[in-house]
Structure formats: structure tokens, C-alpha cells
Amino acid sequence: MVLDKGWEYRWGDSPMVEGVPEWTRPEDKGQWRAIDFPSNPPGREGRENVWYRTTLPEGNWRDPVLYIFSIDLIAEVYVDGKRIYHYGEFDAEGKGAFAGWPWHMITLPAHSAGKPIYFRVFSNYLDIGLWGEVKVMERMSLLEQIIGDSIEGLIVGGFSILIALLALVFALMQTGWRTFVAVALYSVATAGMVISKSPANLLLLYKPLFWDYVGAVGYFLMPAAMALLLEQWFNSPVKRLYNWVWKFHLLFTAGALVLCLGGWAELSHIYPVFDAVFALTLVMLFVPTLGLFASASYDQRAIILAYAVLSILLLLDMGVAHGVLPWGQVPVAWGALLFSLSVVVIALRFFARSQRMLQEMNILLEQQVQERTEELKKLSYEDPLTGLKNRRYFDEVMAREVALAARQRRPLSLLICDIDKFKDFNDTYGHTAGDEALRRVACKMRESFRQTDIACRYGGEEFVIIMPDASSEDALKRAEELRRAVSMDSVVIDGQTLEPVTLSAGIASWPENVSEADSLLTSADKALYSAKRSGRDRVVSVQLVE
1 MVLDKGWEYR WGDSPMVEGV PEWTRPEDKG QWRAIDFPSN PPGREGRENV WYRTTLPEGN
61 WRDPVLYIFS IDLIAEVYVD GKRIYHYGEF DAEGKGAFAG WPWHMITLPA HSAGKPIYFR
121 VFSNYLDIGL WGEVKVMERM SLLEQIIGDS IEGLIVGGFS ILIALLALVF ALMQTGWRTF
181 VAVALYSVAT AGMVISKSPA NLLLLYKPLF WDYVGAVGYF LMPAAMALLL EQWFNSPVKR
241 LYNWVWKFHL LFTAGALVLC LGGWAELSHI YPVFDAVFAL TLVMLFVPTL GLFASASYDQ
301 RAIILAYAVL SILLLLDMGV AHGVLPWGQV PVAWGALLFS LSVVVIALRF FARSQRMLQE
361 MNILLEQQVQ ERTEELKKLS YEDPLTGLKN RRYFDEVMAR EVALAARQRR PLSLLICDID
421 KFKDFNDTYG HTAGDEALRR VACKMRESFR QTDIACRYGG EEFVIIMPDA SSEDALKRAE
481 ELRRAVSMDS VVIDGQTLEP VTLSAGIASW PENVSEADSL LTSADKALYS AKRSGRDRVV
541 SVQLVE
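One point on numbering: in full-length UniProt numbering, the residue at position 512 of the sequence shown is 512, and numbering is uninterrupted.
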């Protein structure tokens, strides 16, 4: 649900009383002013601190999070006077250092629907506040969106890396190595720029400032690479201009890195300067190049047109970034890819002997990009042997089910079981038979329990099942059904029927026989050990243990 209404702002920073901002207290009578979106309120006049607030929407959320596309620059978030999130560190004066421009996933506390939410923001940047999308959604839905939004960047970035590798190979093999060095530089710059903008990179490595530096280097190198390419393809009076531009931007990139890494400047302050220079560079390069269009070859015209598309997209992206245009995601990656493809196609026309090598490496990298994208989509919550959910999934879901049961006063049961004397079975028949036994037990679990029950492989030969809305009697009945089904089943390996395996299980139910829902797993585990001590092949409820 998009938060696009009811926003208010207040310049300055709230006094703190015992760690609680006074401006978040219900009795606070300070003047808040309405604003359409929590960004760049009127009358800034050099101010660097501002507060925003709105009301969280009502809704039946299972695992709600607040998604913010970006924040300029650092922020704290409060609900009921408690800080629920912070990005960056505020000092005693309410200021802080630039920490990067990531997307934000803020876990909303239980019972926060319909309550005011407050944002404390500091920024010494051109913009101050939130930026892009701001909405409440389910955590898993947000992760799916993040991965979906990243596919484009991963594909374009992967393809650009492929082009860079091929260009370097060709540079070593061919006499026209300068052209391929220029292609490699442009492709590396494109890859750094688009991959750094792929939201999924924070799922792989949560280092926002690192990714911002990767993106900055790629972005700052872009005009240098473009001018270097034009210098190779156009032998004209403006060739000296191309040479001057790429050398200047290489020096700019190096100088910016030295200043930022040395602590003399913040990366956020370099961007506005670079954007102004880059916009001027695009015009300086395009106008004289366009004048060559009439006398240019078909290949050169293709480059000019691709350059025009990329330049327009880059200028639109700058306009969005600086608030000149309304927010939206400009497909710069595809414009960069179009320009790359134009250059590559022309290069291949000159160097047809290397075409087979290009195709083979292209296929290899595309497969790697596809495999990596599939890994990001899957998020690996499944046990590959049994097809059940794994322990990581159990840990996340169990915490949520316990909270839901406690909040809604609904019963919750937990069953934990393992295969009796599984080591002996493995030693006797081998690991192939052991794996088949595990698969058979998993199959019987699916048949014995409801679709709403959550069966997971906890580890080794141990399984755990979460049963929402199940009483102790219901859980015991289904556990006995599972135990009988497993003991009557057979493991068949290479046509040979092996001895059946048996299960021991422990059950705990809240609130019937466990006082605290958080102790369900511990209590069920005690019941399991009691079943083992009592002779195995049986189900023991925690009430019999206690």
C-alpha cells in the first residue's frame, strides 16, 4: 500500500527526553505542516534537519515492512516513541556522515497499523528526505519485487562484462587494440553502473557505500569511455575534442576517488558537480558528432543514433535524480546496452575471424547470468533431498506463527520427530537407502498433515511440523497417523525391500500444556527424548512428560 497521503513535516530536530524524541509524544503541540511527499519541504534555507510523519494504514498484515526506495541522507524511524530503524549514525548535534543510497526495508512492530510513524532525517546534500517509492507491504512480496527489479540490471551488467572480457581478448590478438580497449572501458563502466543499481546486490552483500562507489566509478567513467570510442570511430576535425574529453574525465574520476577515500569530500557531494559536467559533456560530444551524420557510413550512423538514445536517457535520469522531472525509473541500462551492441556489431564486422570465440563466450556468460538470476529468485528455502522446507525457513516461520498465535489467542502445536536408529540403518544398508528412507518419511508427512501445517526437515534425520490452530488432541491424532504410516511403509532399493523404519515423536501445544508459546520447540524436544527413552516407535505429548 503506497503511502501517498497525510504527510506532514517540521524543520529542525526534536529534543530527546530519556532517549524519546519529544516530537513523537501524543501531547506534543508543535506546528506540523502538510506536504504532498516527504522530500524537500519549502523554506529549507540551509537547514539540514527535518522530521516527517504520517499514519500507517490499517490492514491484516502477516509480516509487514515499510519499503523506501532511498533516503537523503540518514534517518531514524519511530513508532510509539520507540526507534524501530536507523540508517547512518546521528551525533549529539543531530548530524551524521553519508552512508550510501540503499533501498530500505523497515520491519513494522506488531499492532502498529493506524499509528503515526515519524522520520528523523539529516542531509547536507541538495535533497533532504525520502525519495522514490514509499509503501507498506509483506516482506516476501518485497523480496520478490527486489529480485524482479534486479533482473534487468543483472542481464545487462552480465552482458557488459562479457563484452569487456571479449574486447580485452581481442585487444591482445588484433592490431587495432585501441578500439577494443575503448570497448572494454565502456563495458566495464556500464557493468559497474547498472549492477550497482540492481537492488538484489544488497541481498548478496549489504555494503551500500561499497556499491555506491562501484556505481560512481562506472558512472564517472561513462563519458570518458564514450569519448574514447568516438575518437576511434570518427577520423574528423573533432577528434581532438574527443581526446580532450576522455582524458579530462579520467582525471575527474581519479580525483573524485582520492578526495572521497581520503576523507576530504563525501561521495554525495561529488554527484551534483559531475552531473553538471556530464550534461555539458554530452552536448559537447553530440552536437559536432551529429554534424558528421550526413557524410557518415552506415556503421557510423548506427553509432550516432545509439549515442543519441543513450544521451537522452542519461539526461532524463539526471532530471529525475535532481527533482526536475517526476520520479520514475529511467531505463538507462537498456540505452547503455544499445550503445554497446552498436559498437560490438561494428567491431565484429571488422574482425570476423573472432566471431566464433565471441559467440561461445557470449553463450557461457548468458548461462552464468541465468543461473545466478535463478539462484536469486529461489532464495533457497527448500531441502533438496526431501522437498520439505529447511531449517532456515522453519526459524523464520516459527517466530511469525508464535507471534500470530499469541496475538490472536489461537492454539499452536509443534511436533518434532526423528527416525529411530537411523545411523544403524545407514551403516547396514548404505547412504542411498538412508536418503530414500528420509524421502519416504517426508512423503508420509505430506499425506498425514493438513496443507496449512508446515513440515520442515530440521536437520539430519530430524523433522519438525508447525500446526497452527491445532489442539493437543488434534496434533496427537495426526502424529499417531504419521507414526503408523511410516512403520507400515517399505524402503525399496534396487528391487530389494528393506526393513521398515520407525519414528519417535514429541508434541507440545500452546496454551494447553505449554505456558509460553516461545518454549514450544524446547518442550517438544523434551517429549521426543522421553519417547526415545520409553522404547522408541511412539508419540509422547509434553503433558505426559511434565
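Simulated from the structure, these hints should not be mistaken for lab results.
Worth double-checking, as some hints may not be accurate.
[Stated by the list, open to error] Using 16 angstroms as the maximum straight-line C-alpha spacing, the simulated EDC-like pairs for lysine to aspartate or glutamate come out as follows: (1) Lys389 - Glu481; (2) Lys377 - Asp149; (3) Lys423 - Glu436; (4) Lys82 - Glu22; (5) Lys532 - Asp453; (6) Lys115 - Glu27; (7) Lys477 - Asp537; (8) Lys135 - Asp63.
[Stated by the list, open to error] Just the calculated beta-carbon pair ranges, DEER-fashion: (9) Met140 - Arg446: 14 to 24 angstroms; (10) Glu366 - Thr452: 38 to 48 angstroms; (11) Gly495 - Gly59: 53 to 63 angstroms; (12) Val287 - Glu266: 27 to 37 angstroms; (13) Glu266 - Gly12: 19 to 29 angstroms; (14) Glu382 - His431: 13 to 23 angstroms; (15) Gln329 - Asp489: 48 to 58 angstroms.
Where a beta carbon is used, it is the ideal one built from N, C-alpha and C, also for glycine.
### Task
Compare the structure with the hints numbered earlier in the document and write down the numbers of the violated ones, lowest to highest.
1, 5
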